[in-house]
Amino acid sequence: MLNHSILTIVTFLPAAGAIIVALLPRRGRVIQWFSLLVTLAFFLLTIRLALQFAYGQAGFQFEIDRAWIATPHIQYHLGLDGLSLWLLVLTGFLAPIGVLTSWRVIDHHAKEFYFYFLLQQTAMAGIFVALDLFLFYAFWELSLVPMAILIAMFGRKRGSAAALKFFLYTFLPSALFLAGILWLYGRTGTFDFVALQGILSGGSGLFSSQALLWISLAFLIAFAVKVPVFPLHGWLSDTFSEAPTAMAMVVAGKLGLYSILRFNLGLFPAQSRREAPWMIALAVIGILYGALLALVEREMKRLAAYAAVSGLGFCVLGIFCFSLTGLDGAVYQTVNEGIIGAALLILFGFVYERFGSDEIATYGGLAARLPRLATFFVITALALVGLPLLNGFVGEFLVLSGSFPGHTGWVTAATVGVILSACYMLHVTQRLFYQRETAIVRPESASDLNVREHLTIWPLALVMLAMGVAVPVWMRAIDGAMRQYAQPAAAVLTSPPLPPASPNAVRKESARAGDGRFEAAPLAVKR
Amino acid sequence: MNDLPSLHLWLIPLLPCLGFLLNGLLGRRMPKKLISAIALLCTALPLAQVAWIASRFHSLSVPYIERFATPWIAAGAFRAGFDLVFDQLTLVMLLVVTGVGFLIHVYSVGYMAEEEGYWRFFAYLNLFMFFMLTLVLAENFLLMFVGWEGVGLASYLLIGFYFKRKSAADAGKKAFIVNRIGDFGFLLAMFLMISHFGSLSFSNIFAAIARHPEIQGGFVTAIALLLLLGAVGKSAQIPLYVWLPDAMEGPTPVSALIHAATMVTAGVYMIVRAHILFERSPFALGVVAIIGAATAILAATIAVVQNDIKRVLAYSTVSQLGYMFLACGAAAFSAAIFHLVTHAFFKGLLFLAAGSVIHALGGEQDMRRMGGLRKAVPVTFWTMTAAVFAISGLPPFSGFFSKDAILYQSYLSPTAGHALWLVGLITAAITAFYMFRLWYMTFFGHSRAHALEEAVPEHAIEAHAVETHGAAQPLAPVHAAHAPHESPWIMLVPLILLGVLSVAGGWIGIPQALGGHDQFARFLDPALSGRRHSFEELSIQMNVEGPAAAAAASAMQPSVPPTRNPSQERLFSLLSVIAALSGWFFADLFYRRKPGLAGRWVENARGVYSLLVHKYWIDELYSAVIVKPTLWSSRYLLRGAVDRGIIDGGGQLAAGSARGLGALVQRVQSGNIRSYAGWLAIGAAAMLLLAHFGFVLH
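So the protein lines, in turn, are chains B and H. Residue numbers are given in my numbering: position 40 of the first sequence equals residue 40, and the series is strictly consecutive. Residue numbers are given in my numbering: position 686 of the second sequence equals residue 686, and the series is strictly consecutive.
In short, the hints are calculated from the structure, not lab data. Worth double-checking, as some hints may not be accurate.
[Claimed, not checked] The following label-pair restraints were derived from C-beta to C-beta distances: (1) B/A470 to H/W489: 41 to 49 Å; (2) B/V473 to H/V627: 53 to 61 Å; (3) B/R104 to H/Y636: 54 to 62 Å.
[Said to hold, decoys possible] Short derived list, chain B residues pointing at chain H, Cβ under 10 Å: (4) G79; (5) Q197; (6) I199; (7) Y332; (8) A367; (9) P472.
Think of the CB as a built atom: it goes at the ideal place given N, C-alpha and C, for glycine as much as any other residue.
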């Protein structure tokens, strides 16, 4: 029964790879090649899931639900739905890219690096498929540890300080989260997500609404730190600045946002609505705050961090407006942020590896010597600022238009973020790539992208375009999964929308070519 | 759509996109001939297709809509597709964009022949055509926005084409960001439309409005004003016009194509396309008219004191776009489009001819170092003369008819009115003045190629200081190695063709009062005022509320159509001609007959002059009121106080108080797998213990 074990295989394949990496000799690039192989296999398996996914179907698929530990009652329960599908595929997609990014940068302690890197992949995949809260918690904690260790090991300047910060910011809220889980378990006797959903929505009277609010807040804080939501973003810029690119590019956004959607909205819909006004306010403040700080930031990777704070604010806004369009947009934007944020960090990494400076002001005129790098940077910048036909626009537009009716003022403020993002991205583009060459641009290090770098960045750019143009491909699954969270939309002025394109509709609307000329359509208004 | 006569509209934008991809991906290694062949072919084929459609076009009372089965975005109840629309308005726009666009492509082959980055230039140019054609063909606001943003991107890339120059990079960035402010309005307008109409499709929205005659003002005003903000950004109107003069940093063909003939008119096109919305809000129309008239006169006055030939034309473009907005505000939509068309001809030509002059002088753009070029570049001179006469509004050149239509109709319109007509008339005189000033300074008198260093009038020095101090190019003399020379034929042929169009292009719209048939307005009528009926027909075809729609239609008849009085109209034409001639007279006086006079006038009105030379200090005002405070508060309040102080400080505090924990963390960071495994075990054990024994929590 491959269908039942496929999620297990997908999830633990990188961990198995990690164990083998620990046994491999430290010679040549054996470890790199092996890790690439494992991550590629991991990616292909996630693609396979997307191909086999039954799109019209609600609920979880590829489910496996076995008893794991009898007391306390913990189930080994995995499953995939439209919410987690593309996030899992995104994880798989970024894994080989992460290996390629690290190929040359990580030249010492490669074994440790790839061990933790692969472990991290398992942890992330586990987060997206675990349907037992305890199991989820185990994966959640597992995702924090390799990160903290790698920041400490590979930090560039202040690695251990950044690692400590990361640790405090993420472990302490997880303790809150754990307390919340245990509270739930104490009353209901189950960690199972589906069972809990049934119990909590049934109004069983096990919890007072006040108690549920506290539990949901414990969840929310843990997840919001991980997103991060303003003002809990203090760890992000240090982490981005110190962590290896391959780790930094997966740490923000998707894990926290997914968890909010799955558990806060899934288990505590009523409480989430009470929290919504606050979250919307924080999201919009975050959008503007992140953008304004990015505007005056002097270092590349910190700029990427504030850009992420700003961009992730759109996701939070979309989640807490509870309209279907907004929720769809939020999930879409979560995937987008994963891709755009990764591309931005990778490109900054390319620049840093060549010239060894993180200060934006030290650069200038790179486009003349590195035209291809410049091109990819501009594409990424455009995706980030939300240029239509690239992915960022779709998410932002759906989030903003979906949340506009209920929150006109906040959304208007958030839309200012569209102006600000253009300001800081075009500013950094200009400083790095245009104008006169600065002293730091030494000819010997100013070589354009090599083959490995091409292989790293092309897939990201192509996905930005594909997700910007062929939206329904990705949206089908998301839309199906979000329907359960949304509240019905308000009535509008138009009658039912135009019938979808059928030859008849076209025939009616288009003029016919009687004698080869366009003639007035035969139907006229009869008064 | 097998058995249907499909127009295959989708091919029109897609061919330039193909050209962009070919040249953009492979152009670096291709010979210049191949690059230009691809670029020209990918604009010629859409032109041929549009011409073919136009040749078979007879009439169309209902817009032709090309739908695609798969939507672009479908999320929740919202759907928007790559649907395309075709009607008279589209046809006119397509002809202008592909026609003028193709000519400018041809011209560029000559103009850019020696430039580095030839392939990049043509790739961007084709990219621009792709987005512009998408903008024009879109059947919903969202797809229009795709084109809208896309042309902004192409504009950004082309303004910054010489990206090593800081001023060029700055100008590109400024254009994009100022346009973004407009897009902010466009986006909010779309959100409002979605929440009120549940759709962004033109046919849905306009049909809904047609069915609801009670919709007046209110949210429609809000939508219209927000759309106007978008249009103001794209079409460089007050208060967002500041990017267009700087955009002259781009190569001259770009200025002709994007910043004169096509892209900057997108705002006008959008308002005309959405005229059903605007007509329901007299207030919004009034705002459009005021902005248009104010921009027209403000930009014209600035143009009077500019010395860079391209900047004169840039301010002139802003001013002429103001006329088009005035027409829109007067609900004279066909006049707006008419002027859009003739302006595309004569302003495109003016830029191309200016480019030819610049080319002839080896890169010189300062008119104070031109002069006497009449003999050296005869073809350029004569074509430019046609354009100067056309823009000044002298009969029977094209600009006369379109400008006259605007002025007369704004006089009649309740939303524009007599005062704005007068502003328009004064602007017409100023226009003629600065255009003939340009004409005299460039082509007449003696060559002043080296004159500037010796005897520069004082005002010129001041202007010089301003320019070098600002972002403009330094005024170092350009030493042309050779005498001024006429451009190659590949550049002259487009000039001549546009010259012919600048002369005769207006004859398609001669009003009846002057013995014509007003064909242009009649042709557009089904798409404009007639659209009320056509969209209602569409709604009937959709079998929705048929009788109600008919009732709405009868309620929608304009109450009292503005009365046109032939003799009054002739009088107004005469006034326009007098205005233009007076402008010419003063230009002739100042710059040909008494060259010193201008300097003396400047002496007597230093304050006014300084105001004009500094462009009313608008850029400085924006910098002081918006840019600097934003940067300052971000830097010191947000980053210094909030992020470093409160947020980071909080983190530090937590770190300090958790010093003991920190020591433990040090162990974790050791990277030792065993200790890590131990940690996991301890954590798991602790949790299990908690889970097993303690549910004392509640």
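Verification of the hints:
no.: 1; hint: B/A470 to H/W489: 41 to 49 Å; in the structure: 45 Å, holds
no.: 2; hint: B/V473 to H/V627: 53 to 61 Å; in the structure: 41 Å, violated
no.: 3; hint: B/R104 to H/Y636: 54 to 62 Å; in the structure: 40 Å, violated
no.: 4; hint: G79; in the structure: 23 Å, violated
no.: 5; hint: Q197; in the structure: 20 Å, violated
no.: 6; hint: I199; in the structure: 15 Å, violated
no.: 7; hint: Y332; in the structure: 8 Å, holds
no.: 8; hint: A367; in the structure: 6 Å, holds
no.: 9; hint: P472; in the structure: 6 Å, holds
Figure legend: structure checked against the earlier numbered hints; hints not met, in rising order: 2, 3, 4, 5 and 6.
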